[in-house]
Amino acid sequence: MTNPVFERIQQDISENPVVLYMKGTPMFPQCGFSAAVVQVLSDLGVKFKGIDVLVDPSLRDGVKQFTNWPTIPQLYVKGEFVGGCDIVREMAANGELQALLKDKGVA
Amino acid sequence: MKVRSAIERKLAEGLNPIRLAVVDDSHRHAGHAGANPEGESHFTIEIVSEAFAGKSRVERHRMVNALLAEELAGRVHAMALRTLAPGE
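If you read the protein sequences in the order shown, they are chains A and B.
Under my numbering, think of the first position of the first sequence as 1, with each following residue one higher.
Under my numbering, think of the first position of the second sequence as 1, with each following residue one higher.
Everything labelled a hint here was simulated from the structure, so no lab data went into it.
Yeah, the Cβ is synthetic: ideal placement off N, Cα and C, and Gly gets one too.
The reader is advised that the hints may include incorrect statements.
As the list claims (entries may be wrong) - Derived DSS-like pairs (lysine-lysine); straight-line CA-CA distance at most 25 Å:
id : chain 1 : residue 1 : chain 2 : residue 2
1  : B       : K55       : A       : K102
2  : B       : K10       : A       : K64
3  : A       : K78       : A       : K49
4  : A       : K78       : A       : K23
5  : A       : K47       : A       : K102
6  : A       : K78       : A       : K64
7  : A       : K104      : B       : K55
8  : A       : K78       : A       : K102
9  : B       : K55       : A       : K78
10 : A       : K64       : B       : K55
11 : A       : K23       : A       : K47
12 : A       : K47       : A       : K78
Stated by the list, open to error - One-sided and incomplete, this derived list gives chain A residues near chain B with beta-carbon spacing under 8 Å:
id : residue
13 : G62
14 : N68
15 : F81
16 : G83
17 : D86
18 : I87
19 : E90
Isolated chain B, as found in the complex (with noise of 0.2 Å):
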């Protein structure tokens, strides 16, 4: 839970979304090379915001990535993101 729980502050405080989804799905790549035996290393993500109006999928991402920068350099090895804008 401790490093879910950040994602989300993180994710909340850099982007306000108006909808955020963090789930951690460690428990289905159980095992395989990256996987943490402790878990919390694979995360599916999805977010809409405000902030990712007009910008490119790669922007978003480049977005995301930089405010969870910490938690990609240690504990999460593979994240499934969907960012989306307001209406789409």
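Excised from the complex, chain A in its bound form (with noise of 0.2 Å):
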């Protein structure tokens, strides 16, 4: 379990209050869920730390390891894993993202 790359996780989401784990960067997404992701948090108008794993194959596959989770992308709040492409886009659709986001403080 000690995997360096953890660390380097641990620290990200406890800095930023948004990160998204993400195939590409915010402007430049590379993949279609990636792209999804970005797309329902800049229309909520969230702030967001995007963090590319395809620069770094330790990250890519550490990310999925610490979250316990087999894909990309991942949202975490507040350090907290909100879920993946599916679960955002479910959550934006229905409030419950914008509640949660309101809850954290972050919106």
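Each chain sits in its own coordinate frame; assemble them with the hints.
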């Protein structure tokens, strides 16, 4: 369990209120699922830190293990894993995501 | 069909679903990174199961991911999941 990448992830998600592990960057997403989550967050006017896992294979694998989640994107709010693309979209559609962000003092 | 039927079988056994739909939409992703030239790389799955009652979305997806760990580690690049308990 002593994966050095875990420390980095822990630091990212504690220092930034909203973190999206994604493929590509918020400006240039490299995957439709990552792009969809960027779109949801942008529509809600949420500031977030996008972290491109494609630039670092150890991060790409590490974040999957860290979260125990097999796919990218992964959204974290205040250090807590919220979900991947389907979950984020569902939550945005029924207002749960907005409520969560408000609850956490983000939006 | 091989991957799809494996997914259907594992989900049916693991979750005893009331409704299960596994759609192979690999053709919509053909040519992009992660798409397997032989297909069966992208699936949309909808499951209604009593097993999801009282569980969060993340917990539900983790249950599905655990059942399909082998497929996710191999051929399957992406799954769109809709996980519902009866009445939702």
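The hint names A/G62 as touching chain B; please verify it with the least Cβ-Cβ distance against 8 Å.
Interface hint status for A/G62: violated (16 Å vs cutoff 8 Å).
Do the alpha carbons of B/K55 and A/K78 lie within 25 Å of each other, as the hint requires?
holds (21 Å)
Hint check: A/K47 vs A/K78, CA-CA at most 25 Å. Holds or violated?
holds (13 Å)
Pair hint B/K10 and A/K64, alpha-carbon separation not exceeding 25 Å:
holds (22 Å)
The hint names A/G83 as touching chain B; please verify it with the least Cβ-Cβ distance against 8 Å.
holds (6 Å)
Does the CB of A/E90 sit less than 8 Å away from some CB of chain B?
Since chain B brings a Cβ to about 7 Å from A/E90, closer than 8 Å, the hint holds.
At a threshold of 8 Å, is the proposed contact between A/N68 and chain B supported by beta-carbon distances?
holds (7 Å)
Keeping to a limit of 25 Å between CA atoms, is the pair of A/K78 and A/K49 held or broken?
holds (12 Å)
Can you verify the interface hint for A/I87: is its Cβ closer than 8 Å to any Cβ in chain B?
Result: holds, 5 Å to nearest chain B Cβ.
Given hint A/K47 paired with A/K23 - CA-CA distance at most 25 Å:
At roughly 18 Å apart (the allowed maximum being 25 Å), A/K47 and A/K23 satisfy the hint.
Is the hinted pair B/K55 and A/K102 satisfied, with a Cα-Cα distance of at most 25 Å?
holds (22 Å)
Could you grab the alpha-carbon distance between A/K64 and B/K55 and see if it respects the 25 Å cut-off?
holds (21 Å)
The structure fails hint 13 only (numbered hints given earlier).
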